[in-house]
Amino acid sequence: MSDLTHLTIAGALKGLENKDFTAKELTQAHITASEAAKDLNCYVTETYDLALAQAANSDERRAAGNAGALDGIPLAIKDLFCTKGVQTTACSHILEGFVPQYESTVTANLFADGVVMLGKANLDEFAMGSSNTTSYFGNCINPWKTSDGADRTPGGSSGGSASAVAARIAMGATGTDTGGSIRQPASFCGISGIKPTYGRCSRWGTVAFASSLDQAGCFARTVEDNALILRSMAGHDPKDSTSADRPVPDFLSALSGDVKGLKIGIPKEYRVDGMPKDIEALWEQGIEWLKDGGAEIVDVSLPHTKYALPTYYIIAPAEASSNLARYDGVRYGLRAAEHENLNEMYKKTRGEGFGDEIKRRIMIGTYVLSAGYYDAYYIKAQKVRRLISDDFTKAYEQCDVLLAPTAPSSAFVIGENEDDPVKMYLNDVFTVPASMAGLPAMSVPGGLDSQGLPLGLQIIGRAWDEETVFKVARSIERAANFTALPQTLIKKAA
Amino acid sequence: MAQLIQGETGEWEMVIGMEVHAQVIAKSKLFSGASTQFGAEPNTQVSLVDAAMPGMLPVLNEYVVEQAVRTGLGLNSKINNVSVFERKNYFYPDLPQGYQISQFQHPIVGEGIIEIDLPDGTVKEIGVTRLHLEQDAGKSVHDQHPTKSFVDLNRSGCALMEIVSEPDIRGPEEAAAYLSKLRMILRYLGTCDGNMEEGSMRADVNISVRKPGGPLGTRAEIKNVNSVKAVQMAIEYEARRQIEILEDGGQIVQETRLWDPNKGVTRSMRSKEEAHDYRYFPDPDLLPLHVSNDQIESIRATLPELPDVKKHRFMQEYGLSLYDSSVLIAEQARADYFETVANDNDAKLAANWVINELLGILNKNDKALAESPVSAAQLGGLIKLIADDTISGKIAKDVFAEMYASGKDASAIVEEKGLKQVTDTGAIEAVVDEVIAENPDNVAAYRSGKDKLFGFFVGQVMKKMQGKANPAAVNELLKKKLGGR
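In order, the protein sequence lines correspond to chains A and B. Be aware that the first sequence starts at 65, since it is given in the numbering used here, and climbs by one per residue. Be aware that the second sequence starts at 23, since it is given in the numbering used here, and climbs by one per residue.
Just chain A, same shape as in the assembly:
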């Protein structure tokens, strides 16, 4: 039955409908696969019993003719989404043991459509990181390896989600993307992942990192599966004032992959010095595929691109420093055991509860908001953010969608880039601009690099135009015909 884990979501839905197998069997297959892949450390909380119970309910619903759009589909849920009755940690010591009494809007929407939750997926602590190495519960491992056999990062922050989908221990997963936390792991793990337009999915019940940038999205092994998951997650939520009151389009109808007549913008500023040749080549290949599909290629300029990363590392930490103030040991989560007075309680609780990267960003954020520096950093960054956004608006006068690499490298060995935070931050250089502008963006696997590691191509769309993003992604997916499997799976099969 292990081949059930290799099905797409669309395929599994057909199989369930045809009674080829039950949701319980489908879920059990993924639990078995998860058990076998425990060393990847994808889940920080396994919810197998819950999953089997949900699957049993799903089978009953389907038998009664009441199946939802994703009924019986087992997914991994990033441990940033609060799940009622199930520990939610954001992979931080400070939230260890926290069991929410409420369900995030995104997971509530998924459960309403029949989704089965296999477990809470590993991530960088509070979604701050690009390698999943800042997780308090240990780093997650990418199922892809090179001949050296070294453990590689699945990327971050949604590393557990991406690794689980790539390793066929979940059919899909939720993620969140603040500066690239869905797209970069999707690229590193050879799967597809979309960050929709800011405001498309509710942030209610998702542990906040940087409120003006955080956006939920998803991972799957096909573009179509992503469309299926996103359709269920998305929608207006009056409990989130930044959630958009506009209808969710039928993403599935945008999957023709017909790009004839579409104008594809190629941003020249993304051709950075020192970009690996394999990535450069894949980008060119992507352009050729779309040309072959009848699209028109347009060179565009996003002149403020080089300011995106430094600006992001002012705004995101500023918001984070304030968002994380609530973890004070007073009401829930960790409270340091011994303290003489209130200030000591705060210092010890936050000192013990937060990892180094969190502390670094809280300090950066506190600094850029402090008196005397606010105008020079925060206000300036907001102005630059506007310019970055205007760049995209101007570019979209010439084209319908942008094509660029997702990340400047393939999955690196765990421990690399740890010596210098800025090196790690550079992972987000291609993903951050779209985040700053709140635009929908998706990574689809385009091929393997010379080491045999997957590389993604990024499609960035106009605000609220996920449909065109899906359409172009589907076209690339078809042309790339990416069928390679992670080495760990090949080894197991052998």
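A couple of the hints might just be wrong.
[What the hints assert, rightly or not] Here are the simulated DSBU-like cross-link-like pairs (lysine-lysine), alpha carbons at most 30 Å apart as the crow flies:
#1 A:K444 <-> B:K110
#2 A:K447 <-> B:K161
#3 A:K411 <-> B:K161
#4 B:K294 <-> A:K411
#5 A:K411 <-> B:K389
#6 B:K170 <-> B:K110
[As the list claims (entries may be wrong)] Not close to chain A: a few residues of chain B, all C-beta gaps over 10 Å, as computed:
#7 Q119
#8 R209
#9 P395
#10 E438
[Said to hold, decoys possible] Here chain B is said to cover these stretches of chain A; the calculated rule only asks that three of the stretch's residues, wherever they fall, bring their Cβ under 8 Å from a Cβ of chain B:
#11 155-165
#12 263-269
#13 272-283
#14 301-308
#15 378-388
#16 428-436
Calculated from the structure, these hints are not laboratory results. Using N, Cα and C, we set each Cβ at its ideal position, and we do this for glycine too.
Let chain A serve as the given structure and place chain B on it in line with the hints.
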């Protein structure tokens, strides 16, 4: 009438600005649906948002926005079409989010004016700098356990209006007048109940002193002044403290001070150097708040007649004195009560009865107007009986006492007790004759020039007639009979 303080080196002037926190009357909190009812069991009115659980987001209460606009209009202020909620960051156990959502650079209400009434009858304008909306904090309780502090989050997230005045106030009397007037306006508008004892209205006082007309001095901010009286006492103490320092050649330190109501002193809380850096920035969970001119106008259309307008109308329409008008408009309910009493009645008589008799007895019994056993219509009925000579003013006081005790109508009491005034001169004349016949000595004394005895004869007649005789008729007949022989 700025009050000056005489120091050793001459006169000093106080320069005072006030920041008033007024809890907005609304069923639910500023950013959550939790109840705002006062006096509930601790932590029973706390939503997930108020407790700042992970992933919770604020959603603005539109009714509170209306209340703020209504207040701004009542303070003759400019309403800003766009305002922004920002985060004021600091740590405290009763501040669950680790920041207070407030308005900083772009408040919902801009500059305005409050007219204050001074004891000498003059009016002074105090500038309003701004009014902004913000969240209240919870409450820390330190006296319930030897080693623990408790936190009650019922108040956490309740909507406050912070109303900031210009430094136009020149002494404790003006400060008291400002606070009283502001409270009166808020109550008229129904946007804050103004109960300082319950903490739903709190004041911080900024004060400095200078030689009259001289440059501004360094100010201190006094917190925790929770009654009009405390404001006056704190200002008096603080002004003298500052003058003493300056006259001794010292310098005022810019700092936050705390009013100690038990000792009657202010004491240093934290200096400027120790002041928090609140790291304000726009709250990314909330969009800028837009209020259209149409919305502002539709709120303006619902405004009640405000105290100053009402006061002037009472003086013009009813011919009342400034004092009587001021007393009657002090509360909206009182003014309404008076207008019902005055309806179809002599307005001055009505004002006298409301102010002297009704408010007098209510005060004595520590009752609010709403608890009065005598309704406005009933009091109006009593005054009608006086005006049409059915009863005398003196009898009316007895009737009123009976009304207050029993809640009955005046006419019923007059009927029941047979208190109707006797105006039949024949009946009065008979009693007058009787009294003259019974008191030959006094009659002789009166006639020999002891005019003061006239009152004795009136008293005797009234006594015999149980006070029901028409006083004018009694006087006339007595004069005629006593002087006529």
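Against the structure, the hints:
A distance of roughly 20 Å separates the Cα atoms of K444 of chain A and K110 of chain B; the hinted pair therefore holds under the 30 Å criterion. Annotation: proposed proximity of K447 of chain A to K161 of chain B is violated, straight-line Cα distance about 39 Å (limit 30 Å). The straight-line distance between the Cα atoms of K411 of chain A and K161 of chain B is roughly 22 Å, inside the 30 Å bound, and the hint therefore holds. Pair hint K294 of chain B plus K411 of chain A holds up; C-alpha atoms about 24 Å apart against a cutoff of 30 Å.
Between the alpha carbons of K411 of chain A and K389 of chain B the distance comes to roughly 52 Å, so the proposed pair goes past 30 Å and is violated. Distance check on the hinted pair: K170 of chain B and K110 of chain B sit about 27 Å apart at the alpha-carbon level, within 30 Å; holds. Here Q119 of chain B does not stay apart from chain A, with its beta-carbon only about 5 Å from theirs, under the 10 Å limit. Under the 10 Å C-beta cut-off, the non-interface status given to R209 of chain B relative to chain A holds; the minimum distance is some 32 Å.
The Cβ of P395 of chain B sits about 49 Å from the closest Cβ of chain A, beyond the 10 Å cut-off, so the non-interface label holds. Even its closest Cβ contact with chain A, about 63 Å, leaves E438 of chain B beyond 10 Å, as expected for a residue assigned away from the interface. With a threshold of 8 Å between beta carbons, the proposed coverage of the region 155-165 of chain A by chain B holds, since 4 of its residues qualify and at least three are required. Check result for the region 263-269 of chain A against chain B: holds, 3 residues qualifying (beta carbon to beta carbon below 8 Å, three or more required).
With 4 residues having a Cβ less than 8 Å from any Cβ of chain B, the region 272-283 of chain A passes the three-residue criterion, so the hint holds. With 5 residues carrying a beta carbon less than 8 Å from a beta carbon of chain B, the region 301-308 of chain A meets the three-residue requirement, and the given coverage holds. Note: the region 378-388 of chain A has 5 residues with beta-carbon separation from chain B under 8 Å; the three-residue rule is met and the coverage holds. Requiring three or more residues with a Cβ within less than 8 Å of a Cβ of chain B, the coverage given for the region 428-436 of chain A holds, as 4 such residues are present.
Hint violations for this structure: numbers 2, 5 and 7, all remaining hints satisfied.
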